[in-house]
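> Numbering (my numbering), first residue to last: 42 to 198.
Derived by calculation from the structure, the hints in this document are not laboratory data.
All C-beta atoms in this analysis are idealised placements derived from N, C-alpha and C, irrespective of residue type, glycine included.
Not one of these hints is a red herring.
Ranges of calculated distance between the beta carbons of each label pair, as one might list FRET restraints:
(1) VAL153 with GLU133: 31 to 37 Å
(2) LEU195 with LEU84: 41 to 47 Å
(3) LYS160 with MET44: 48 to 54 Å
(4) TYR93 with TRP193: 48 to 54 Å
(5) THR57 with PHE177: 26 to 32 Å
(6) GLU59 with LEU164: 41 to 47 Å
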Amino acid sequence: MGMREAMKDFWWYAFTSEGRDTRTQFWPPMILSVAIWMLICWLLWWLDEQFYNPGEGMSIGLLFFCLPSFFILVWACSSGFIRRLRDIGISEKWYVDIQIMSGIPYLPFLIVYIMNGFKQTALSDTLFQLGASGFFIIMGVLLLISLLPTDWALKRK
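From just these sequences and the hints, can you work out the full model?
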């Protein structure tokens, strides 16, 4: 399967999570999609900085493009990840567990932040940094899982 077909399949099934994706059907289109999104956002930010709002940072109009498109990209990548898990032989039930586990590191931060009346303190900052570290460790493990070969979990049973 060529890059064009892989990219077409990645976005064709982006919002359905149907089927299975091999490593070559998942990684190149996902990385290319993220790179294209980053390039477009950077180009729009640069044009905004040069011609419309010099020295004022990102305009709200630019955020109306970057944020929704980011969520669409995350949705497509998570659907691709579910297809990749299915190809490895791991059920979608694990994906729900993974989502819950990736939110747990932020719970202590949220509790302290709410108890302090939504005020930022040194403790809440530290807990947020620890939560972010836990989140990125979980994401790193997930990336390693998505590198496993086709039917890996089924062959181990």
